[in-house]
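The whole structure should be built from the sequences, with the hints applied where relevant.
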Amino acid sequence: MLAIWKKEIKSYFYSPMAYVLIGFFLLVSSVLFFVFNLASGYGDIRWIFIHWIFILVLIMFVSILTMRILAEDRKNGTEVLLITSPVSITSMVIGKFLAAFSVFLVMTAITFIYPIITIAYGAPFTVQIIGGYIGFILLGGSFISVGVFASSLTESQVVAVVISFVSMLLMWIMDAVSSSFGGFISKVLNWFSVLARYEDFYRGILDISSIVYYLSFIAVFLFLTVRVIEKRRWSQG
Amino acid sequence: MIEIQNLTKNYGQIKAVNNISFTVEKGEILGFLGPNGAGKTTTMNIITGYIPSSEGTVKVCGYDILENPKEVKKRIGYLPEQPPVYTDMTVKDYLEFVSELKSVDKKKRRAQISDIMELVKIGDHRNRLIKNLSKGYRQRVGLAQALVGSPEVLILDEPTVGLDPKQIIEIRRLIKALGREHTIILSSHILPEVSAVCERVVIINKGEIAAIDTPENLSKGFGTASKLSVTIAGPKSSVTGYIRGIYGVKYVEPNIEKEKDVVNYIIESDKDIDIRRPLFFAMAKAGYPIIEMKSLNMTLEDIFLQVTTREEEVEH
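If you read the protein sequences in the order shown, they are chains A and B. For the first sequence, this note's numbering gives the first residue as 1, with consecutive numbering after it. For the second sequence, this note's numbering gives the first residue as 1, with consecutive numbering after it.
Think of the hints as simulated: they come from the structure by calculation, not from any bench. Keep in mind that the hints are not guaranteed to be accurate.
[What the hints assert, rightly or not] Here are the simulated lysine to any residue pairs, SDA-like style, with alpha carbons at most 20 Å apart: (1) B/135 - A/78; (2) B/131 - A/74; (3) B/74 - B/151.
Here's what the structure looks like:
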């Protein structure tokens, strides 16, 4: 698991991939920071993190970050090496997930600069900032698990990126969709509504059940990824 | 060392591998021979645990691949048909990654990797990106990868594909040398390769074992006739007549006319009758000198064709 994590981290940072993605993300969030906070002299940075542009960019960031993570191995035949080595498929998937997640964490750490700036200029340090970051990291992890899953479905990176982008978009608008249904369907759809709980974190509600929700969301998608790879082993030539 | 029993792999209605059984002894180099699509790669993928079998068992060093995959995978180095290399890594980084993946002892890693690079002669390219290497060198990196962790068993799927003749000879020599310490299964559709390297050959066709023996025994057992190539100076028609008169000759065919009235003939005779002496005396008596005579042994190629086409004839 560690070997795979290390290798993936290296391939992110030895190529322009991680830099371009992180740079793009920071550019957009910094523009939001400038507009909402610096230019208007407003001290609360939470609005950046729940702004729709920010969420959209996050979805793009994650789907591009994860598109090659399993699809490329399948296409280049390196999957054979990973599966025939004495490493279980579960730890291979977890290793890959953690690598993408680490890039996401690096990016998140850089955004700490926003609260640091506002606090330096006299804005209060609030629990909502910490809660918000916890929510953001959990949301990022959940999106990454969806991306990893999408990447396991195909050997084409383009298809993978489309699948993960569209599914995350759907999860995003699930709130609106689920309210137009009723009863059981609404409950099921609500389960996929990752954004509603996320916004709670920024209101300062640190709900254990939400944390458990996100962690189990990640676990379910990683489990499905393992199943997809296992299933293909049984049916392929 | 490797025991394969009643191995079957179904893809829907198609049986890619059908009830194959064989064993490989420690230190043996076994050749796996068959036309394209015969089930060689499928069998190898099953032995290495890449894909599961539909029926039957594979045991490596006493461990079953389905019950104890980790123990089996630790003991196998696999070079698939397409070398499983990460093209955006350098050779050294890649081999380090593979050693970590196979959890080679940290202290031994560096020494082992440089030994392997020395062995497969890629030391000069250690810091190059794999995508910039030629096909032959990528193949060597693939082989190096299989050697990492010094596994007891090596499984090599068409290891010499895409190499130039000089490299092929080197790789064959290397495989032979590796055979002293490792048990090797090698697949190929190049016949001289198998007869040059392997101690035993499994010929597989349409998912079934068609023959299994040493290359020598195969050439002995499968011929129903022995062939001679003879060049004789003399008019074609009368020479052919004389040859036909010899006891045991089944078939004569003038092959090439080398000069005027010097013709090369291919003669087939019954397997257990040596016609070389009677031929000599017959020609001497007739006054037609024999310029050249050599026996054409049944090559593995002939046997291969015979084994793999014979079944088709039965079917149709």
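Against the structure, the hints:
no., hint, verdict
1, B/135 - A/78, "holds, 16 Å"
2, B/131 - A/74, "holds, 17 Å"
3, B/74 - B/151, "holds, 7 Å"
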